Amino acid sequence: MSKTKTPAVVSGRTPWNRFAYNNNTVGYAFAAPFIIGFLAFTIIPMLTSLYYSFTDYNMINKSNWVGFSNYINLFKDERFLKSVGVTLQYVALSVPIKLAFALFIAFLLTRPSKLVSVYRSLYYLPSLIGGSVAVALVWKELFSRKGLININLAKLGLPTVNWLGSMTAAKWPIILMTAWQFGSSMLIFAAGLKEIPTSYYEAAKIDGANGWQIFWKITMPCLSPVIMFNLIMQLISSFMVFTQAFVITTGGPNDATMYYALYVYKQGIQMRFMGYASAMSWVMLLIMSAITAIVFKTSKHWVFNESES
Amino acid sequence: MKKKQLFAAVLSVAMMLGLVACGGNGTSTSSASDSASVSSASSTSVSASASSASTEEKKEPVTLRMAWWGSQTRHDRTVAVIELYEKLNPHVTIEYEPMDFEGYFNKLNTLVASNDVWDIFQMGSNFPTFQSKIYLLNDFIKDGTIDVSGTTDAFLRIAADAQGNQVGLCSGVNTYGIAYDPEIFKQAGVAEPTENWTWDDYKKICLDIHSKLGIYGSSKFDDWQAGGSSGISQEGFEYGFYNSDNTGLGFTDYKMLANYMQMRADLVDAGAYPDPGACNEISDIEQDFIVSGEAAMTWVASNQFVALTNAAGRELKLINPPRKTANGPSGITIQSSQMLCVSNDSKHPDEAAKFIAFFQSSIDANKILLAERGIPTFTAVREALADNLTDVEKKVYEYVDLVGSFDTGGKPYNPASPECGEAVKEQYKYYLEKVIYKEMTADEAAKAVYDYAASQF
Chain P
1 MSKTKTPAVV
11 SGRTPWNRFA
21 YNNNTVGYAF
31 AAPFIIGFLA
41 FTIIPMLTSL
51 YYSFTDYNMI
61 NKSNWVGFSN
71 YINLFKDERF
81 LKSVGVTLQY
91 VALSVPIKLA
101 FALFIAFLLT
111 RPSKLVSVYR
121 SLYYLPSLIG
131 GSVAVALVWK
141 ELFSRKGLIN
151 INLAKLGLPT
161 VNWLGSMTAA
171 KWPIILMTAW
181 QFGSSMLIFA
191 AGLKEIPTSY
201 YEAAKIDGAN
211 GWQIFWKITM
221 PCLSPVIMFN
231 LIMQLISSFM
241 VFTQAFVITT
251 GGPNDATMYY
261 ALYVYKQGIQ
271 MRFMGYASAM
281 SWVMLLIMSA
291 ITAIVFKTSK
301 HWVFNESES
Chain B
310 MKKKQLFAAV
320 LSVAMMLGLV
330 ACGGNGTSTS
340 SASDSASVSS
350 ASSTSVSASA
360 SSASTEEKKE
370 PVTLRMAWWG
380 SQTRHDRTVA
390 VIELYEKLNP
400 HVTIEYEPMD
410 FEGYFNKLNT
420 LVASNDVWDI
430 FQMGSNFPTF
440 QSKIYLLNDF
450 IKDGTIDVSG
460 TTDAFLRIAA
470 DAQGNQVGLC
480 SGVNTYGIAY
490 DPEIFKQAGV
500 AEPTENWTWD
510 DYKKICLDIH
520 SKLGIYGSSK
530 FDDWQAGGSS
540 GISQEGFEYG
550 FYNSDNTGLG
560 FTDYKMLANY
570 MQMRADLVDA
580 GAYPDPGACN
590 EISDIEQDFI
600 VSGEAAMTWV
610 ASNQFVALTN
620 AAGRELKLIN
630 PPRKTANGPS
640 GITIQSSQML
650 CVSNDSKHPD
660 EAAKFIAFFQ
670 SSIDANKILL
680 AERGIPTFTA
690 VREALADNLT
700 DVEKKVYEYV
710 DLVGSFDTGG
720 KPYNPASPEC
730 GEAVKEQYKY
740 YLEKVIYKEM
750 TADEAAKAVY
760 DYAASQF
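If you're matching them up, the sequences are chains P and B in order.
Counting in the numbering used here, the first sequence runs from 1 upward without gaps.
Counting in the numbering used here, the second sequence runs from 310 upward without gaps.
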């Protein structure tokens, strides 16, 4: 297609040579590993799950076409509706806490200090290991009835909390574990903060603005595109919360932490209603797309865009 | 320059493919002769090259995959038996995957979907769900690959389907029971349970122990077994949760489920039974609250009693679960604790069957296993083990004999549970938690469980 761009390399003796040394061929050859992986592990499974969502597939018997009945049953399933509720609650609580914490630490780390890069690596560490089952198991121990958290609460003379047995308290260990993995958001915030020209701050100081005013009038507007990016990324990953809830609470007590992905797993793998679980996954995709679209739509009201102002 | 780069890229891809192809054949030194001998063992040229690979015998190397669920004790002993078998049969290599119960079935479900089930796998009463994946042992028994002369028809039948097909070989028989700590009972001044105790007695004991000692009266029960499955059987010999051929429910009055649910909620309320969060801290028998002395009783399968006592490190006793009425049915029966099956996906079903036969009937193997999966069904094995029973193991044998002496109303034992069993069990637990957290009354929950189970047929 763009043969004319590479006359020097194309020897042009045989059609094979012309094909093999074409820029596009080389490009596709090097992109092939990704393309194959994308097809095999993303596109094909997605299309298969779309097909299964219209069947009663249970992994053992032959599946039958059932039309939209999986989708209709979903909205009659009280357990499903409750899991949507607790997932939305989890997202609404964990994303702001995580982003606020990431921004706060990023802000502290903008101070000129020789140790900044050391601190940054240290604070990033939880993000590297935080998704693992091992850390989730440690977390489960920490918050158990006689775990470290309750031992220390008792030592301080405070009442202990039945973290994993109470329907209202059980979400907090999971939310805190999510917030603890603030590292990647923090790095992005730190980069964003560096981009803000110091002249803005100098001008504000000369005009007599205090720190609080500088933060709300200069830092926040200038950082809003980065906040938007972080918000979208964290929204999506929060909707998919699985490992923490699976290991720490297994969805309990009484479904207080039965998050969406966990319920999909329970229906699909444990109870073997794979068709139903596939339908659930597609509904999740729709919900996530809708929420992301809303964030994008409203963004022009709160995201500062230099080219427009 | 470009030419060289492309060439290098193509070469490296080719090399990687080559490596992957070699890796698939495992550890053998001559992978070419391996794959050839599998595909056509009869041709002479191949057997010549194969004999150079294997040492004395002219047997082609076989790799079998095996998986089971269980505690650490079971893992260690099973691995030891596998190693023994590999020593006796150098041409066989067994790759094993020890797992916990839930992980095992989740993995099995996915392997079923991908037609890649382990050659040898452990199975419980839910085998009808997986029957399409089970290689029946009928022919192996007929042709003598599996020698069943050392066991009885009754023991073979507990690992067979309704048509009498041999789906597996039983690893041992067990039954359910309650393990309790007599020392705690004494401290609390509560009389030890007898075989005719009722659920009302159980509730009172739990509350008494809790109020006197501040610990849980009872640790985590298998709620489905206690309240659902055997709970219905306790109503009368004519009842069962499912009917005898698994085509529907075996009872009509949903209220039969309500009492247990109400009692469980009351006990959690009183603090005499761990709440769902605390129950979640127990992931295997070694972490049970009776081990740490935080509870006086717990639910066990009889074959787990030895591991439980070892973990606790003090004397525990075993009694049958409480009954609904003092003279009513016990609701429990002697059953196959689990069996080993050969998979339909296996390339070497005969080798897998040979291993299973060894595992269940070899005295040497069972001296390692020590009845951890239940009391062995081969007479010679049972007799060989009987000589060196420890006191704890004797208690298990006595208990199984006691349950065997209970009146079963002449009802034949049904070793299978229906395909919807897993989903019904899950729904039962779901509604039970709703009762515990007071979102439903026990009566509503019982009706919901009944309606759900009935809708599955």
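Be aware that one or more of the hints could be misleading.
[What the hints assert, rightly or not] Below, a sample of chain P positions facing chain B; criterion: calculated Cβ distance under 10 Å: (1) Leu-39; (2) Met-46; (3) Ser-49; (4) Gln-270.
[Claimed, not checked] Okay, derived cross-link-like pairs now, SDA-like style, lysine to any residue, Cα gap no bigger than 25 Å in a straight line: (5) B/Lys-747 - P/Ile-105; (6) P/Lys-266 - B/Lys-521; (7) B/Lys-703 - B/Asn-415.
[As the list claims (entries may be wrong)] Rough simulated footprint, nothing fancy, chain P against chain B, three-plus residues with beta-carbon under 8 Å: (8) 587-598; (9) 687-701; (10) 754-766.
Honestly, the hints are just simulated from the structure, not real lab data.
Everything numeric in this text was worked out from a predicted model, so none of it was measured.
Ideal Cβ positions, reconstructed from N, Cα and C, are used throughout, including at glycine.
Legend entry - Hint check against the structure, violated hint numbers in rising order: Of the numbered hints, 1, 2, 3, 5, 6, 7, 9, 10 do not hold.
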